[in-house]
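Colleague: Read off the chains here:
Protein chains: 2
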Amino acid sequence: MTRWKLTLEYDGGPFVGWQRQDNGPSVQEAVERAIHAFSGETLTLHAAGRTDAGVHALGQVAHVDLEKSTDADTVQNAINFHLKPAPVAIVDVAAVTEDFHARFSATHRAYRYRILNRRAPPTLLAGRVWHVATPLDTAAMQDAANALIGNHDFTSFRAAACQAKSPVKTLDTLRVDRDGDEIAIAVAARSFLHHQVRNIAGTLKLVGEGKWTRADVEAALAARDRSRAGPTAPPDGLYLMRVSYDPA
Amino acid sequence: MTRWKLTLEYDGGPFVGWQRQDNGPSVQEAVERAIHAFSGETLTLHAAGRTDAGVHALGQVAHVDLEKSTDADTVQNAINFHLKPAPVAIVDVAAVTEDFHARFSATHRAYRYRILNRRAPPTLLAGRVWHVATPLDTAAMQDAANALIGNHDFTSFRAAACQAKSPVKTLDTLRVDRDGDEIAIAVAARSFLHHQVRNIAGTLKLVGEGKWTRADVEAALAARDRSRAGPTAPPDGLYLMRVSYDPA
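Keeping their order, the protein sequence lines are chains A and B. The opening residue of the first sequence carries number 38 in our numbering; numbering runs sequentially from there. The opening residue of the second sequence carries number 38 in our numbering; numbering runs sequentially from there.
Be careful, since some hints might not be right.
[Unchecked claim] So the derived list for chain A, only partly shown, Cβ under 7 Å to chain B, looks like this: (1) Glu46; (2) Tyr47; (3) Asp48; (4) Ala126; (5) Val128; (6) Ala157.
Derived from the structure by calculation, the hints contain no laboratory data. The beta-carbon is built from N, C-alpha and C at its ideal position, and this holds for glycine as well.
Kindly generate the complete structure, drawing on both the sequences and the hints.
Modeller: Here it is in structure tokens:
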């Protein structure tokens, strides 16, 4: 048996999310089926993070144990072959030791939230960004974002359905950058609460529009009450960029 | 009457190209219909360049004469409203004088050709790049590209259907850049022959693979024979980026 670490890229648009569900196609199911078609083995993929419906990934990580004796290139090419035409691809494969767990061994997760900030609707980026027509003040957004960096009780930015034991998380990075019409919010932490990034993006958008101040964001954080923070930004703009692990 | 200069962005995927045709939906028809829905006027749009089926644009330019008295913001918002859900958007509108012609006044056109150069197929970029799995040597591509810069008879890189009077063009820019898995070929000139950028991209790919040398590209150019240059690269990777005009 070999444990394989798979790095995955996908367009979340056509999926109900990473996790298998009864109500539609999931990324997990698509990859498990492709692995079965290649190896004949029926197994369960474990992912670093269960992305929601419509959320994209450039660097999701999952692991799987295969009985079949093979090499990394064959694993990658065969799974990709059987994944077609689903918009999911294995971009990297590595053999790992049995103590590696895609979810529990992860030490750092990086997300990006993309906003298209212009009057005209998206064309080539439809479904890939949050379209906000009101001009956003990114300097104000960054200033308010700084209030969220560090170790905090993020109850106000946590979905009701969140299953994490504690609402306390340490946000290592929260950077707001503009490049022309596009605003990218880079977020990184060891781990996240459910909807945490989208709730932060929805809140920072209120600041960018001038409806909220940094003080409002600080008050929302201190309130430890989901109803006090901004709305959940749509999944279209969210990308799981990278999952990091300690060197073996 | 006001002459309006429209800057357009579109996903070329669902279209038979810019120009109206009997065999399917065109970008021109989509925009002309949206203008009619807004103004009640039936008119013809003139574009800087007639992009082929599947070719994208970030900065196509067209002009149109409207009897309706209105302002630039209204023109933009109204056309964009009526364009939905087609993946076409007006990103800028300006009133221009009657001697402005989107095609004949253009002094410079910039294209980009995007190649996804990795083993795994595209997911989020499906239909937006040319997927080339063989590793490409971009330094060799740039070296060969340099042989095409300047004033040349580009007959070897011209589609049979090309209607230009002369095959002699001046290529101002031909730059090959890699950013991770993606290679961008930036091309700019006053004007282009039909399929010229895609034929150059298809030829440079042969160089990147090591199948052709710079000398082969020079010989192909000198031959003035379409059958001597490389194949036409697919439309998916081509973007009309920008059209420039002399200041009024």
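Colleague: If a hint holds in the structure, say so; if it does not, say that too.
Modeller: To see whether the hints hold, each was checked on the structure:
no.	hint	verdict
1	Glu46	holds, 5 Å
2	Tyr47	holds, 5 Å
3	Asp48	holds, 5 Å
4	Ala126	holds, 4 Å
5	Val128	holds, 5 Å
6	Ala157	holds, 4 Å
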